[in-house]
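Protein chains: 2
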Amino acid sequence: MSEKRKLLRVLDGETIFPPPTWLMRQAGRYLPEYRATRKTAKDFLSLCYNPELAVEVTMQPIRRFGFDAAIMFSDILVIPDALNRNVHFVTGEGPKMDPINPAGIDALKTDNFLNHLTPVLETLKRLRIELPNETTLLGFCGAPWTVATYMIAGHGTPDQAPARLFAYEHEQAFNKLLDILADMSAQYLIAQIDAGADAVQIFDSWAGVLGEKEFEKYAVRPVKRIIDQVRAARPDAKIIAFAKGAGILLQNYRSQVGSDAIGLDWTVPVTFAKELQKQGAVQGNLDPMLMVAGGEALDKGVDRIMAELSDGPLIFNLGHGITPQADPENVTRLLKRIRGYQRG
Amino acid sequence: MSEKRKLLRVLDGETIFPPPTWLMRQAGRYLPEYRATRKTAKDFLSLCYNPELAVEVTMQPIRRFGFDAAIMFSDILVIPDALNRNVHFVTGEGPKMDPINPAGIDALKTDNFLNHLTPVLETLKRLRIELPNETTLLGFCGAPWTVATYMIAGHGTPDQAPARLFAYEHEQAFNKLLDILADMSAQYLIAQIDAGADAVQIFDSWAGVLGEKEFEKYAVRPVKRIIDQVRAARPDAKIIAFAKGAGILLQNYRSQVGSDAIGLDWTVPVTFAKELQKQGAVQGNLDPMLMVAGGEALDKGVDRIMAELSDGPLIFNLGHGITPQADPENVTRLLKRIRGYQRG
Numbered sequence: 001m002s003e004k005r006k007l008l009r010v011l012d013g014e015t016i017f018p019p020p021t022w023l024m025r026q027a028g029r030y031l032p033e034y035r036a037t038r039k040t041a042k043d044f045l046s047l048c049y050n051p052e053l054a055v056e057v058t059m060q061p062i063r064r065f066g067f068d069a070a071i072m073f074s075d076i077l078v079i080p081d082a083l084n085r086n087v088h089f090v091t092g093e094g095p096k097m098d099p100i101n102p103a104g105i106d107a108l109k110t111d112n113f114l115n116h117l118t119p120v121l122e123t124l125k126r127l128r129i130e131l132p133n134e135t136t137l138l139g140f141c142g143a144p145w146t147v148a149t150y151m152i153a154g155h156g157t158p159d160q161a162p163a164r165l166f167a168y169e170h171e172q173a174f175n176k177l178l179d180i181l182a183d184m185s186a187q188y189l190i191a192q193i194d195a196g197a198d199a200v201q202i203f204d205s206w207a208g209v210l211g212e213k214e215f216e217k218y219a220v221r222p223v224k225r226i227i228d229q230v231r232a233a234r235p236d237a238k239i240i241a242f243a244k245g246a247g248i249l250l251q252n253y254r255s256q257v258g259s260d261a262i263g264l265d266w267t268v269p270v271t272f273a274k275e276l277q278k279q280g281a282v283q284g285n286l287d288p289m290l291m292v293a294g295g296e297a298l299d300k301g302v303d304r305i306m307a308e309l310s311d312g313p314l315i316f317n318l319g320h321g322i323t324p325q326a327d328p329e330n331v332t333r334l335l336k337r338i339r340g341y342q343r344g
Numbered sequence: 001m002s003e004k005r006k007l008l009r010v011l012d013g014e015t016i017f018p019p020p021t022w023l024m025r026q027a028g029r030y031l032p033e034y035r036a037t038r039k040t041a042k043d044f045l046s047l048c049y050n051p052e053l054a055v056e057v058t059m060q061p062i063r064r065f066g067f068d069a070a071i072m073f074s075d076i077l078v079i080p081d082a083l084n085r086n087v088h089f090v091t092g093e094g095p096k097m098d099p100i101n102p103a104g105i106d107a108l109k110t111d112n113f114l115n116h117l118t119p120v121l122e123t124l125k126r127l128r129i130e131l132p133n134e135t136t137l138l139g140f141c142g143a144p145w146t147v148a149t150y151m152i153a154g155h156g157t158p159d160q161a162p163a164r165l166f167a168y169e170h171e172q173a174f175n176k177l178l179d180i181l182a183d184m185s186a187q188y189l190i191a192q193i194d195a196g197a198d199a200v201q202i203f204d205s206w207a208g209v210l211g212e213k214e215f216e217k218y219a220v221r222p223v224k225r226i227i228d229q230v231r232a233a234r235p236d237a238k239i240i241a242f243a244k245g246a247g248i249l250l251q252n253y254r255s256q257v258g259s260d261a262i263g264l265d266w267t268v269p270v271t272f273a274k275e276l277q278k279q280g281a282v283q284g285n286l287d288p289m290l291m292v293a294g295g296e297a298l299d300k301g302v303d304r305i306m307a308e309l310s311d312g313p314l315i316f317n318l319g320h321g322i323t324p325q326a327d328p329e330n331v332t333r334l335l336k337r338i339r340g341y342q343r344g
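Protein chains in written order, with my numbering: chain A, 1 to 344; chain X, 1 to 344.
Simulated from the structure, these hints should not be mistaken for lab results.
Possibly wrong hints are sitting among the right ones.
The list cannot tell twin chains apart, which means a pair is met if one copy fits it or any two copies do.
Within a straight-line C-alpha distance of at most 20 angstroms, the following computed SDA-like cross-link-like pairs (lysine to any residue) qualify [to be verified]:
| id | residue 1 | residue 2 |
| --- | --- | --- |
| 1 | 300 | 214 |
| 2 | 300 | 172 |
| 3 | 217 | 228 |
| 4 | 274 | 252 |
| 5 | 213 | 304 |
| 6 | 42 | 278 |
| 7 | 6 | 280 |
| 8 | 176 | 84 |
| 9 | 213 | 306 |
| 10 | 217 | 32 |
| 11 | 96 | 158 |
| 12 | 278 | 15 |
Given only the sequences and the hints, what does the whole structure look like? Please build it.
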């Protein structure tokens, strides 16, 4: 590799202008070519576990838009699936699995874990060969809290009330579950790095419903546990931690968990984002609805982030995943606008 | 009245120990007597519009627990209902109404608005007679942004994506809708005060999904518009503003909107809450899941708030509504614990 990939230089704290850009869920339903490939798989998880198809859908947005990073096509719920929790995706209803109870936590079997995830690792190996040399390859996993919210409820929930309640009622069992998830996630991320991932992102999509003490116990501690284990095994690992909705609790999150960059959702005020950027790289944080709306509203949203954050280490991204309703033309517009900027 | 009601003294900035306490949705499905009364009404809105039944369910938690405040039994969606948007509640599915578009906003009829809400005002009049003299009577309305999220989608939505998108795509029409809602809400709150409400609360339950600029435009501006109009008509009006999930944007919210107190959801860190309390009264912010969990977890949650916030103007409350799964025994436990405190 002639030069270090741009996104990795930002993770080292360098300011790159214009900022490297990718979008969460950039391989997804808003793309007609994704929808076509998706139809050839039996169901969503079969797509995740088929290296040929997973490579294809990961490459689609790279070919079409030339993003600076590709994120392996997979799902945060492959972890409970690899723990035999019978995960399946019902079209129009989202993910379902067997809800877990304290006895189920005691009985969790981790023997077959990495073996079950071999196809995902194979996808990464193939991607590193297929991708342009300058494109950063990202692996990922869900954070233990977020994954646990699904395992406890058996499905997605508003406000993640079942997991919050479970944590109050069965704190010891809950901590045990988070520890198992953290340890398995660390193994998984190490294997992703060994398979070719340049950097990995930990998605704590539901961190925003936690109170202050619970955030420390259930969001910070398990993510730190993952990162400590990954760094112990692979000291050069590059890690982005994304605690969606954490707001003011992001203040010390980066140093608490030990990540290289932190992701920012679209509700993080730009003045606060600027403060967080003084500690290191930030990633975000355009409202995904602007990829549906387009037009001047999109331009203004891009300009606001560029004006405030592009003079520091920034990975341009959305504040959450791009939605199925998004217009691919708006992605073209977004990239043109970001890349058309002249350093002020 | 021999002495000013406790909650109103807190709204004036006074510290009362132990703090006056009520719970959002304290009249609700967790109470068997509520469920019994609810069955006698045709549907949920019929209960809201029947003064006899609405008084009964409002009084139930006062009789059972002796809360320091009663909040009139109603719903934030009576406003779109009074604007002829055909609101109905489908059991197990939540509220439904005709989704509004820009033409529908232009055609909104406000002539019959207050007339439609006469039963709610009658409920307040009767409550002021029924309630113990020391109990504060609260009125309320939904904030324009939150009400608009339902009017645009036609139902509740995760992340309120339809309204966020509508605001980007039809900003002018959206601002018009918010202005109409603000003006009608102001009239409604003034009528509530005239009917006997000691104070009113404005619920911006979905403020947390707004980015910084959108929060200013769609959460701050319309709520300030309501409060300015209410204060112009009734200079002594006492107002609590609750922007759920607003996080760091609460920093200046009280002075921006001009409320006497601000409500805090359960994710607001106690150190930040303490800072906000220096500006005036705060209300909150126990995790409602603790009313399901009970036990030591509940006690610890109460203790944390009491330790940090009870030496300033505090209204003890949950950080969001009590849920149907809550155990009434836990409410007894909560009140006993709060009221058993000795000033340290």
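Going through the numbered hints above, which ones does this structure break? Give me the numbers in ascending order. The structure breaks hints 6 and 10; every other hint is satisfied.
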